[in-house]
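Peer 1: These are the residues of each chain, in order.
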Amino acid sequence: MDLMKVSPYGTYLEHIRKGELAYQVSDGKAVFYPRVAAPKSGSPDLEWRVSKGLGTVYATTVVYYRNEAPLNVALIDLDEGFRMMSRVEDIDPLQVKIGMRVQVRMLPGDEKQPPYPVFTPAGGAK
Amino acid sequence: MSLKRGSIAVVGAAESDLGQVAPNTSPVDLMAQATLRALDDCGLKLSDIDGIFAAATQVRTAPMNLAEYFGIKPRYFDGTAIGGSSFMCHVAHAQAAIEHGLCEVALIAYGSTQRSVSRAAASPREFNPYESPYRPFMPSSAYAMAASRHMHQYGTTREQLAEVAVAARKWGLLNPKAWEKEPLTIEEVLKARMVSYPFTVRDCCLVVDGGGAILLTSAARAKTLKKKPVYVLGVGEALSHTHISSMPDLTVTAAAESGPKAFKMAGLKPSDVKMLSLYDAFTITPILFLEDLGYCPKGEGGRFVANGAIAPGGKLAVNTSGGGLSYCHPGMYGLLVMIEAIRQVRGECDKRQVKNCDVALAHGNGGVLSSQCTVLFGSAATV
Chain A
1 MDLMKVSPYG TYLEHIRKGE LAYQVSDGKA VFYPRVAAPK SGSPDLEWRV
51 SKGLGTVYAT TVVYYRNEAP LNVALIDLDE GFRMMSRVED IDPLQVKIGM
101 RVQVRMLPGD EKQPPYPVFT PAGGAK
Chain B
1 MSLKRGSIAV VGAAESDLGQ VAPNTSPVDL MAQATLRALD DCGLKLSDID
51 GIFAAATQVR TAPMNLAEYF GIKPRYFDGT AIGGSSFMCH VAHAQAAIEH
101 GLCEVALIAY GSTQRSVSRA AASPREFNPY ESPYRPFMPS SAYAMAASRH
151 MHQYGTTREQ LAEVAVAARK WGLLNPKAWE KEPLTIEEVL KARMVSYPFT
201 VRDCCLVVDG GGAILLTSAA RAKTLKKKPV YVLGVGEALS HTHISSMPDL
251 TVTAAAESGP KAFKMAGLKP SDVKMLSLYD AFTITPILFL EDLGYCPKGE
301 GGRFVANGAI APGGKLAVNT SGGGLSYCHP GMYGLLVMIE AIRQVRGECD
351 KRQVKNCDVA LAHGNGGVLS SQCTVLFGSA ATV
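Just so you know, the sequences run in chain order A and B.
Those letters in the first sequence? Residues 1 to 126, per the numbering used here, in order.
Those letters in the second sequence? Residues 1 to 383, per the numbering used here, in order.
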């Protein structure tokens, strides 16, 4: 990756702006977060792919900030074999359960926060 | 080449003032105060210190700041900063330095004024575009997710988590220096203000000011000083990840690597240890460490701590100071984790003293279960 021209997060963000959740693959293994070198092998040969956006809740919590509605934070295992932090929406945060199937959805962001992916319940089981 | 069991010993150990210190006290003031007390503890002079090891979230170049403050030029210095376990790593690194003659008297110091200046000011979170947008309340939310996973996989309950806080409080009530002074029940833990589910504020460590210092030197020199030496029998260090989203399995920590390394070096097994000082940032952490250090099978930690098993009078003495949950947690608490273990081996713990405590284990945790370091301390009889 020529860091004078593109960056791992910059490329990820370009995909997000198109509504795509992108990840990298090296030697058949999914890599996330995006990097310039694959973990362990150190290989710079990282191919970008777009996830189908389907995953399973691996771990979950609900944050109680003062004077705010309870906020879900979860770790999601995507079907392609990578894990990311996100939030499950459209459901009571306390009802987000480990093992629940979820589908990605892009939030538009604002002046301070670039667009970013969240998840909603997908129904069914893996 | 590997480190030698018992080649160095802790000769001086002390806390700084703890709790809420005077306005405008600096973290380095607290390091210096603790250092003077640790020097007094063993009879060494400031000029004897030729190795400085320090880390602090408010002082990015801690060994340098402390050297300037004291006006000394250490022959050796190390500012390894991997969170709350940094100081256990400093012990391992000091042992290597002393064994190789790079320094003779090593100071390890820490200080924080996080209660006075606020935790947000004392320890600002680094921005991560893959985590920060979701606004986890860090570090609590990371540990809460580990707890969620443990509950899901092994049936651990909120009541079992609360047992850890209640045991810590019972020990803390025996420690005059503990921040918390009132009894605590499981019911009170469960009903306290929710922070990051399943943790209430009582599942989370204290936010107070404080610091500490320990002095280590060669076994030969240690024998010439005031207090009974507390020997370093074994050390183990392990890194796992930095961000919780990169932790391979939220129910298994790298204590499963650092612990066996320390036991192997010491030639000891878990049942040889009389007292454990386990970094209790949150109620889930002692449960994970009891499993990963070999005190119960994986998944059994919640059931292991139930019914007061780690409280005074229980089957295993854990966090006799009251721990980060009831005694003191000034941000990076690892140095104080070791100081309690050192005092237990010395027999200085009065009402909370564990009988015949010839071997104590101090386990440090850093980041979000990210770095794990284990130190085994022993009395002269164990060397």
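Simulated from the structure, these hints should not be mistaken for lab results.
Misleading hints may appear alongside valid ones.
As the list claims (entries may be wrong) - In silico negatives: residues of chain B with every beta carbon more than 10 Å from chain A: (1) Pro129; (2) Pro297; (3) Ala306.
Said to hold, decoys possible - Reference listing, derived: stretches of chain B covered by chain A, where coverage requires no fewer than 3 residues with Cβ under 8 Å from a Cβ of chain A: (4) 22-32; (5) 185-198; (6) 238-252.
Since the structure is predicted, the reported quantities are computational estimates derived from the model, not experimental observations.
Virtual Cβ for every residue (Gly too), placed ideally from N, Cα, C.
Peer 1: Does each hint hold? Answer for all of them.
Peer 2: Quick rundown of the hints versus the structure:
1. Pro129: Since the minimum Cβ distance to chain A is about 5 Å, B:Pro129 lies within 10 Å and the statement is violated.
2. Pro297: 21 Å, holds
3. Ala306: Label holds. Min Cβ-Cβ 23 Å, cutoff 10 Å.
4. 22-32: violated (count 0)
5. 185-198: Holds: 6 residues of the stretch 185-198 of chain B have a Cβ under 8 Å from chain A.
6. 238-252: Satisfied; 5 residues make the cut.
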